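Protein chains in written order, with the numbering used here: chain B, 9 to 313; chain S, 190 to 529; chain Y, 403 to 657.
It should be emphasised that the hints constitute simulated quantities derived from the structure, not laboratory data. Be aware that a few hints might be false.
With a straight-line cut-off of 16 angstroms between C-alpha atoms, the simulated EDC-like cross-links for lysine to aspartate or glutamate are [said to hold, decoys possible]:
no. : chain 1 : residue 1 : chain 2 : residue 2
1   : Y       : 602       : Y       : 541
2   : Y       : 485       : Y       : 473
3   : Y       : 485       : Y       : 550
4   : S       : 350       : B       : 99
5   : S       : 350       : S       : 453
6   : S       : 350       : B       : 15
This one's a predicted model, so the numbers in the text were calculated from it and none came from an experiment.
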Amino acid sequence: MSVLLAEQLLNGLQFGVMLFLLAAGLTLVFGIMGVINLAHGSLYMIGAFGAALVANATGSWWLALLAGLAAAALVGMAMEFVVLRRLYARDHLDQVLATFGLILFFNQGIILLFGRQPLFVDLPSWFSGAVEIVPGVPYPSYRLLIIAVGLLVAAGLYVLIQHTRIGMLVRAGATHREMVRALGVDIRLLYTLVFGLGALLAGLAGLMAGPVYNVQVGMGEQILILTFVVVVIGGIGSVRGALFGALLVGLTDTMLRGFVPGFLRGMLPPDQADALGASLSSMGVYLLMALVLLIRPRGLFPAHG
Amino acid sequence: MADTSLPEAMADAARTRGWRDRAILLVMFAAAAALPLIADAAGFPATTGIATQIACLAIAAASLNLILGHGGMVSFGHAAYFGLGGYAVGILWEHFRLGEPIFGLIPGSNQLLVTLPAAMLVAGLAALVIGALSLRTSGISFIMITLAFAQMVFFLFVGLKQYGGDDGLVVRRRNLVPGLDLREPAQMYWLCLGLLALWLWVLHRIVRSRFGRVLEGIRQSERRMAAIGIATYRYKLVAFVISGVGCGLAGALMVNYLRFASPEMMSWQRSGELMLMVILGGLGTTLGPVLGAGALVGLEYTLGGITEHWQFILGPILVLIVLFARGGLMSLLGYGRGRG
Amino acid sequence: MDAAVAEPVLEARGLIKRFGGLTATDDVTLDVRAGELHALIGPNGAGKTTLIGQLTGELRPDAGQVIFRGEDITRLSTAARVKRGLVRSFQIVQLLDDDSALANVALAVQARLGHSFRFFRRASTDDALTGPARRILAEVGFDAARVELRTGDLSHGERKVLELAVALAAEPQLLLLDEPMAGLGPSESLRMTETLRALKGRIPILLIEHDMDAVFALADRISVLVYGRVIASGEPAAIRADPAVQEAYLAEEAG
């Protein structure tokens, strides 16, 4: 039981850092530009597809890494340049609708290019094994890699935001947009860069997800909605909130999926127990969100005030 | 007397316009009512079915318009109430068919006069709970939270295997209602059209009432509303519930028409489409959502006839509409307010 | 009217509000008495907006109390304060731009008449709302021929007058006016001054204003806020003569 628990904890952590990579970008873009970008999930998908295609064609995991990151960042910056920058001054409704249109475009575009069949990606050879975290408990080393990368990115973002000039602008931008403009900073370039960074992180999450989950159309939206839950729980515009929210949601979701069906099997026929268990554990994080809203409507780590 | 002629001229113009609009409305309604006859005569009987779907979606879009267009609340989760209304019909049918009460208490039913109010009640209660939580926030959080709660309801129904889960729930026969035979496509359509007209009229009254004035005020300046002594939360919540009830009605009719309920009814894409219909038609106008529903369904059929990848074309069209044509169809026709 | 002996209608007691390291409101104690027009002046950045926020309920003070007509309202919401008669106007007008001027005022009348859970009868032709609204618009000198126009299309001067009318429609027991003259031309300022003079005595007013001509023409008492503190408070002549005020504020205005 405790072995299972340790495994599930690590799985939860791994899912949590994936969510963090998406939530960090989403919340930065909102904090600085005031834009809600539904197509953030599309960048995750594009990163995953870019990497999967190159990995399967060349067999080189390094090239795949490069391709996934480049695809997400380039598409992200193009998206900002062509559409999103025209939406900064618009209300959230316009932003939601335009980026909803982008989702339709990207999803259908991927279907046009690669079809509806999910792609499968092999694990990179030197991470295909397992390590014994505790003696007798093997754990896939690739998942440990994801956790390590995620935590590394979190540390990097912390340094970037707390200790660099861009970070200062980011922090100021989240609360005093006018002030940043008044500083004479080239806001457009800053915006494109921040957007590119967010896209890069989404792409990173996507390409790492490839070998663990299926690479398929629609993968972006599934995780995007969970990312919203993360951002709401953590507090909008706060990267620290995104980290805590992501870990909390990742752990909760994984734990519930791991243990609720087994618990229900004691009461219901197995197939019904599994289905109901899956659905109840899917609902769990939303109930968690409801609870946070009741207690702290602005999230656990609100960025403003 | 330049001082008095301006308002008088405006009042005259408004009166003339009012009569003209009423005449147009009457003609439109008559044409809509005659549609099944024309469709049959012209040899396109399938048109009646499409029009029935448009009428159902228009009820949902008009309901969303109450909070989105008039109250300024951007709910990205209204498909949940649409789906709940639909499942109310489906589940009541399923228990009627099996002859076992729900939870051993509530008997199933195939009577429209039972299932419609039940659907509205269920959707309204869900909107009350979700609205009460979501309205504690505003702006971008509100958008994300409404979307997330709708997703939660979606997952709930995916998991309810006894009601079909992923595969959905078949309702083998449309509900019964005294005086109508809903198996007749035209009668099913007339029912939906009639309820659409009735619901639009109710919403129109609400929008112009004192309650509607408060709602409009909240959209334009919530700060001002507080400064004249209005505690806005309760008004927003009541509007949210009314809007949920309307979506429940729409979903119940849709399931009657399709004879099928599925989680897809409450997917986030469906929520997005409902918003699109409101925007396409024109925010904050009475007939806009109807035009929007017609336009979106029409666009889907037209583009769908050209290519199966029609969303690849629809997506950019949406972006262009948002960027360049903000008032929607009603403003092209010279009605409603321009946004911005 | 002897303001010194009249009862305080609104009192701020030891209000403190900090934002991070900055103390925006630093132990402010202030009152407005029945029948009085009390002006609050201070250079830009003195913390006037923050102070108003605490009086109206948009901000919570870190310490101190707000007392209105004998009741501690420090924890009440904005709407609850308005219901008790503490009504404000906004420096940057907060109007419903898509609606007519008349509809703006009528909505404030409606809010005062009790709850608005009435779903059926048309509000725009309801004389119980439009009647009082027209009266109030006339009272503040709003052009009767223009009350049906869309608010977004009105001139800045008209919008400032409308802002005042909306506040009056809420039947204030005390009016908190946030720079009613801001952005007005000289003749519009004079008209606004006359409008306020007509209100003075009838409704106690706390006037925040940069227009010194208007302040000294209207005020019974003046308080001066600098860096979040009240550095002087008294009758206009005393304030004019106060060296600290001259240094901190009037010199800047003149220079």
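Verification of the hints:
no., hint, in the structure
1, 602/Y to 541/Y, "13 angstroms, holds"
2, 485/Y to 473/Y, "13 angstroms, holds"
3, 485/Y to 550/Y, "27 angstroms, violated"
4, 350/S to 99/B, "40 angstroms, violated"
5, 350/S to 453/S, "15 angstroms, holds"
6, 350/S to 15/B, "29 angstroms, violated"
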